[in-house]
Amino acid sequence: MAGTKQNGTGNLSANGQNGYKVIGTRPVRPDGVDKVTGRAVYAADVQMTGLLHGFVLRSPHAHANIRSIDTSKAEALPGVRAVVTAADLPEAPDRVEDLGEGAINLKYLSDNILAHEKVLYHGHAVAAVAAINPHIAEEAAALIEVDYELLPPVMTVDDALAEDAPILLETLRTDSMGEIGTEQTNLASFFRHQRGDLDAGLAGAHLVVDRTYRTETVHQGYIEPHAATALHSADGQITIWTSTQGSFAVRGQVCEILKVPVSRLKVVPTEIGGGFGGKINVYVEPVAVLLSEKAGHEPVKVIMSRADVLAATGPTSGSNIRVKIGVDTDGKITAALAELYYEAGAYPGSPVGAAANVSLAPYAIDNLQVDGYDIIVNRPRSAAYRAPGGTNVAFAVESVVDELAEKLGMDPAEFRILNGAKENDRRPDGLQYAQIGQIETVEAIRDSDHYQSPLEGKYRGRGIASGYWNNWGGQSSATAVLNPDGTVNLNEASTDIGGTRASIAMQLAEAMDIEYEQVKARVVDTDTVSYNDVTGGSRTTFATGLAAYNLGQQLLKDMKSRLADQWEVASADVRYEDGTFSAGSESVPFVEAAGLVQREEPLMASSTVHPQDFGPGFSTQCVDIEVDPDTGKITILRYTIAQDVGKAIHPSYVEGQMQGGVAQGIGWAINEEYIYDDEGHLLNASLLDYRMPTALDLPMIETIMVEVPHPAHPYGVRGVGEVNIVPPAGAVANAVYQATGVRMDKLPISPANLLEAMWAREAEAAELVPGDD
Amino acid sequence: MAKKIAVETTLNGEETIFLCEPRQTLLEALRDNLGLIGSKEGCGNGNCGACNVILDGVLVNSCLVLAPEIEGRSVVTIEGIAENGELHPLQQKFLEHASLQCGICTPGFIVSAKALLDDNADPSEHDVRLWLAGNLCRCTGYDKIVRAVLDVAENDA
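Protein chains in written order, with this note's numbering: chain W, 1 to 773; chain D, 1 to 157.
Where hints are given, some of them may not hold.
Said to hold, decoys possible - Derived DSS-like pairs (lysine-lysine); straight-line CA-CA distance at most 30 Å:
1. W:458 x W:633
2. W:73 x D:4
3. W:324 x W:407
4. W:73 x W:118
5. W:557 x W:520
6. W:259 x W:294
7. D:3 x W:294
8. D:3 x W:746
9. W:118 x W:259
10. D:3 x W:73
11. W:633 x W:557
12. W:332 x W:422
Source of the hints: derived by calculation from the structure; they are not laboratory data.
Taking the hints into account, I'd like the entire structure generated from these sequences.
Below you can see the structure in the form of structure tokens.
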């Protein structure tokens, strides 16, 4: 496979490659100046006349029936304008809809906004207040009296599947490959992917490794808390200003929850302070609308506290995972089994389906079986988190792969190359790969300066791991307006979390052979363009970029056609080269032509796309660590990523996605976890105790962009955002083994967990040597 | 509702008087009473640094300072970093290095980095990482932020 490699960092010069003028350069983003000067307006920054402030009262219990709610004292407090509970929500139908990234029953969706008969997790919303300032709203909420009947909490896979487990959702029945069970249960669904003959493959193996793992609940950790402002106007029109990955996903969910037609709701996306999958589900948006309506059609802003963000939004699943892989004497995998038990939180919908596809994706395996279990527990409803479900299972699989390579005496990179998936191989669910670059990423790591440099010193270790993510195409809409001065206004609805206004505008500029600075990209509301899927699934630069490319093609075509009319030649005779239109003796540069073609009639273009042929992404990573044997603390010494990136439109933002995904993966690997007490109370709902990586916890992160252009995109774009969070936990765990001799069977590899495992290993070693104390 | 207090302060170099409730934090007063939205609330308890301001030359989390406490003192916020319409070198280098993705933490990082460079014009990478450990960024992995700050320091040195 032909490809180029770019070693990232440091190169800030504008050097488009492969004949491109704009693509491959590193221009400043259109929203940049506002963001470094503090002018950019995020969700909590929205101001308007008559603004009221909301506060949401949340359950102090993990699992309880609500006997009654008395709001009279709150309503009587001076300054209070409205109080709402689930009684103010329309009854939701028992029907499953896909309104963002993954399907949910509308009854559960509504119930998660404001609890109806029972609360299902510590932090579950039960009522809300609007008042003239946020302090009065908070005081009023404290005056609401809720009578709870406590129920035993169900916190883990094991609790939930126990024979006499308390039942969370009375009507839930197990969906087992389409067959619906008859018993009450906490197991929402079960599925199996199968091919070849697992038993025969394992029986014929020279060596089998069979291990089980536990990973804890973690949060996306975006720095901007959820916030929304809603105005339910006296004429029935509703506007929501919110920070979201998908304004149309918000519109869809809020319209279903509140039973209003989409024509009555406009969603205006503000700047968004991070999402990572966690800003697709709505939380405070419908509540703000209800409060606004009840408060006499005044606008209401609801901002979540950090504690509420951790307790009631986002997290991704904790999991129990079993992986069993057999190999022959040459190191070829003969068979593999993965059993995935994922905690969905309070309502069905863990990412176990995606996890199953990630599980063994980097490897070519003839005989396999992957079982998935979606299990509800008394934790917040899980949401997507960057390559949802992938990190958990890759930690397990990459640990087993490392152990196999070690026992075979093989280099772990060579093991991955020998067994690597390539074109025409199949993912666990059977999907056949087109052109992919997994083996190339392993080779890039194997050949890197990092992997080739020796690592010396006690308690130091090196680990590698690979990861896969499917990516997505999705639906996008955009319009482009040609200005008479030769600039183009690009209106698109993909909310910009990491520089996509730039990467999309660059593709329009390239398509039209104009300068990046001639394109003015902006993110618009739901009334301005047609439907647009969420910024998620690593799809935005790929799909909305494709729409931008189409817009450029269309504008050029129309410009040629109008010039042809003016010049009285056939449209096909008008050429556009090096920024100049020409036909015969006529010639006009682009900027002048932009005015010329609009003397009689304005010119704009629109494009809608729904590409299906997005390509998956692979990443292989190498980490060096040092363990402090006294404290169990892990220091990350060096980190290198090799990723199959397709074509990097804006290399700085591709590097940024690689580095950011790895930083989150390292946090997941070594520190982050939800800690609950026996009653199901979340004990670490702050950014001090939910410990995300700081600048001091990380080294510079080296990036190797393996550029193999994706054949299904005009510029070779492949989604790059998600896959980098998949390998870090496995890579770190494998490095921990090299450093300490301990194979960790759980995440996080926190100081406490690692010390415990090191001591257990020492104790075991002491027992094995009689007479040695 | 408590009676409001008039606070006299120097805000980004300008003499300023504003009214606030005694319980309002400096962050809340900046955002809601004075319309300066550049300082962000990421956590409300001093762990994320998104609300960093410089108070009499010292870097503080404005969510941990009560608004009446700035009486007679001098506060510099992100809105006061650029001078005479020119971006500060830190702002320029953050843009050049693509040091921001979502940008919500950026004002805090720039204010924090300015306080560092005011104190130490030639920091090592470790100095920068240690100083910025009070600012959380979830998007970038810090690599491009640290490079931008080191780049400014080198150009100034």
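Task: Violating hint indices (sorted, rising) - done: When the structure is compared with the hints, numbers 8 and 11 turn out to be violated.
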